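Heads up: the sequence shown begins at 367 in the numbering used here, then just goes up one per residue.
These are calculated hints, taken from the structure and not from any lab test.
Please note that the accuracy of each hint is not assured.
[Stated by the list, open to error] Straight-line alpha carbon distances no greater than 35 Å define the calculated DSBU-like cross-link-like pairs of lysine-lysine that follow: (1) K1124 <-> K657; (2) K664 <-> K1089; (3) K1065 <-> K701; (4) K535 <-> K519; (5) K1090 <-> K728; (6) K519 <-> K628; (7) K564 <-> K575; (8) K1065 <-> K1137; (9) K796 <-> K1100; (10) K628 <-> K920; (11) K1100 <-> K854; (12) K535 <-> K701; (13) K701 <-> K628; (14) K515 <-> K618; (15) K1089 <-> K629; (16) K920 <-> K1094.
[Said to hold, decoys possible] Have a look at the derived ranges for each label pair, beta carbon to beta carbon: (17) E396 <-> K657: 45 to 51 Å; (18) H645 <-> R566: 30 to 36 Å; (19) S407 <-> M471: 18 to 24 Å.
Quick caveat, the model's predicted, so the values are computed rather than measured.
Positions of the beta carbon are idealized from the N, C-alpha and C atoms, including for glycine.
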Amino acid sequence: MVPEEDVREKLEKKRFCFHVFSRIDVSMLENKEDLFELIMSNLLCFFQEKERNCCAMAETRIQKDDVLKQFERILKAYYAIRDSREDEFVDSYIAKVQYISGSLMLQTMIDELLQMIFYQGKFSEDQHYLVIVLDDLDLNVEHGFEMLKQMQKYFASPHIIITISADYKQLNEICWIHFVKAFSAEKSHVIEEKVEEKCRELGRDYIGKALPISKRIYMPDLNSDTRNILVLNDSKEGDTVKQYVMRNMSRKMNILYDIKGKKRHFAEPENVRGLVSYHRFLDELYDIDFKAWEKVKKKPDQSRIYMERYDQNHERINMDIVNRLANHLLSDQQKKEFYQWLDIRLERRPESACVYMGSWLKQSHNDDVELVSEMDSILERDRKTGKRPRSQINDSSERNHAQNDPVQEYRYGDLMERIYEYGRESRENKAYVKCVLASLTSEMVRERVCFTRNPDHIRREASKQILLRLAGKAFGSSWIGDMMPGRKQEESVLFTKEVSGTRNLGYQELIAGNEMTKNLCLIPTEVFGKRKKKSFTEIDEITGKLTKIMEENKLIPSLEWMFFFLNTPEIGTNREAFPIRFEIVELKNTTIAADAITGGTDGYVLQLRFENINVSCSILEMIPKTLVLKEYLAMLHRKISQKLTESLSSNLGHLDTEIQERVNKNLLNWIEKSSMIKEKETRPIFPFYQVDYAYNILKRTRRELQEDNPETCDKHEWLDYLKKAYEKLIDKMKEEEGKEEGYGKIGVNLDYSERFSKFYFVWLSLNDQIKEQINKEIVDIVHQIFYGETGAIATVYAEGE
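Whenever a hint applies, use it, and build me the whole structure from the sequences.
What follows is the structure, given as structure tokens:
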């Protein structure tokens, strides 16, 4: 309410002085601590400090004596009231009257004391106020009501401003408990069934009297909308609560949470009290200068210090996820399952979360099956193999980098799908998903930091394996494949199998046992010559001519392009057989090219035989390969060189070991020079280890593409929809990176969208260069794989082609 103009003129001439006492956390006061005594003690210290700053005049000493005597009278009256109230045997009417009159007089005496301290018996235009700050009154369940009553009873003075921070609902519960105890201690005229309702009504009435609505200031509800709530920094520039949390998590942990979501993120505190506590927690974490760390990461002594500090932050973040997030969001049963999940070794945790949520979804939709946690069986498997649960391993390196078990069919895309479906079943499931996302993000980002910066090679290698286990046996899945339209119903499905009942063109699994053969390029007869036994020089010449033909046909970039869609070869292992082999076949002996032979046409053809051995393909399968791109390409090049050498050796009559090694070396050197990827830096083009960030980007990309795309498309449109999928994914990354609402606004510069778009494999699609830069036969193979058409495919070569 705005004062009248004449009143405002008078107020403008006055000087208002607020004397603020230190905050009193009443939740910490124990049984023997008295709030009244604490306030009076603070008031006495305030007067003594004020008196020391005054001149030592006789008048001042007289006033000091008067003030101290007033203190004594107040305390004497208070103790008399307290003692008479606590004495159960006082039944004198005079004593009761003295108690009532003393209680009323005490308030007046306190007001007189304040006037003596503030004004020293003189008139002043200044207005002085004592400010008492009581924090967390609602958390003192046992004495909260009594403290509230003391403040109303003794300190309701025009010279005192009392600020109380409390949760209204919790404070109402405290008042309700007080009145319930009062009714149970006395014979009440209220009917017993209505006691609870009556006590709640009395509690609301009392709070309405002690804390009038007109005097209340309601703090923001962080649960509903935090976009209009700002956290000010030293420069008075404000961040929203989400931006504040994201900035600190990025700056101190290199963790990226989803910043674009319209709803409150699980990392954001639920109320102002939680925000203050979380601010202190974040402020206490080490500041990690990642740019400075990058410069010294090859200096073990300096890099080790950064790693130790990061790991200390990491442990505290993990404890916060358990203590703040899980304990608050999860039910008792969910907590048990979540803690069991944390007991599983880190490298198997993504797979086990996928298994658990998938099993729950399957069982929840079958009324005849009892829902049983998969966590128990997973832990039991640990015990049978003699491996200790994670909670029983003390050393963090031993705990995180225990020996891996073979992954069976786990895929990163399956994890994303389980999180998506499981979280939509109920609010309780959504809470569990939040805890899983928070924990996996924290752990996997730590492994990424360790992989790139830890001076210990053994631990770097262990972290790499954990990240690859997160990516799974395959990165893609039918859920991710939904970014593309589906096949038309009338098209054959002989080469691939149906996946989860879908026919999408973004992910396919190849039927085991089938084989696909493709003619890649023609080789003139003169390349091999007529003499059967070849010298070293002749073999070198043949190798050179063959590489020139393959270079003209863009075979190496084309093969790389094809393998970026495939989940094999597995990075860093030789467990899976290489899915292709080459054969050099004379045209006259080639049945699938027989129609092309006219008039005694001779020569050879280089064939690619695609032997399906547990292979799947996905439009995003290249993502985990960019985590270790140099290593992956080196392995791929070695395999291609080996297969070409075997084919050449077979054609030339099985060369001896020394010659084969020479040919293999020459071919490998040429393959490396012919690679489409010139910069082999280990920088992933998509941060799949930032699990929460990655999940939300993939989810939005998939949803929007499903809304925009037709149900099916023709084969010749596949490359167009592939381009559209990559463009949409880049757009979603740019939104997270943006300077208006994304990380760019809080000074965190991300370049994943640029990395993704400039990665040559993606660049070819974005710039419509696939048909120009990639061998048409290889493009046709990829079409065949995604469309699942028949195995044997022949390209007819006319004479002179």
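- Pair hint outcome, K664 versus K1089 [Cα-Cα no greater than 35 Å]: violated (39 Å)
- Message: Holds or violated: the 45 to 51 Å window for the beta-carbon distance between E396 and K657?
- Response: With a Cβ separation near 49 Å, E396 and K657 satisfy 45 to 51 Å, so the hint holds.
- Query: When you check the alpha-carbon spacing of K1124 and K657, does it fall within 35 Å?
  - Reply: holds (23 Å)
- 35 Å Cα cutoff - pair K796, K1100: With a Cα-Cα distance of about 27 Å, the restraint between K796 and K1100 holds, given a limit of 35 Å.
- Task: Sort out whether K1094 lies within 35 Å of K920, counting only the CA atoms.
- Result: At roughly 29 Å apart (the allowed maximum being 35 Å), K1094 and K920 satisfy the hint.
- Pair hint outcome, K535 versus K519 [Cα-Cα no greater than 35 Å]: Since the Cα atoms of K535 and K519 sit roughly 22 Å apart, the hinted pair holds (cutoff 35 Å).
- Verify the proposed pairing of K1065 with K1137, using a straight-line Cα cut of 35 Å. holds (30 Å)
- Task: Would you check the hint for K564 and K575, treating anything up to 35 Å between C-alpha atoms as holding?
- Result: The given pair, whose Cα atoms are some 17 Å apart, holds under the 35 Å limit.
- Message: With the threshold set at 35 Å, check whether the alpha-carbon distance from K1090 to K728 stays at or below it.
- Response: holds (33 Å)
- Message: So if I understand the rule, the pair passes when the alpha-carbon distance is 35 Å or less; does K519 with K628 pass?
- Response: violated (46 Å)
- Could you grab the alpha-carbon distance between K1089 and K629 and see if it respects the 35 Å cut-off? holds (30 Å)
- Query: Would the pair K701 and K628 pass a check requiring their Cα atoms to be no farther apart than 35 Å?
  - Reply: holds (27 Å)
Taken one by one, the earlier hints fail for this structure at numbers 2, 6, 10, 14, listed in ascending order.
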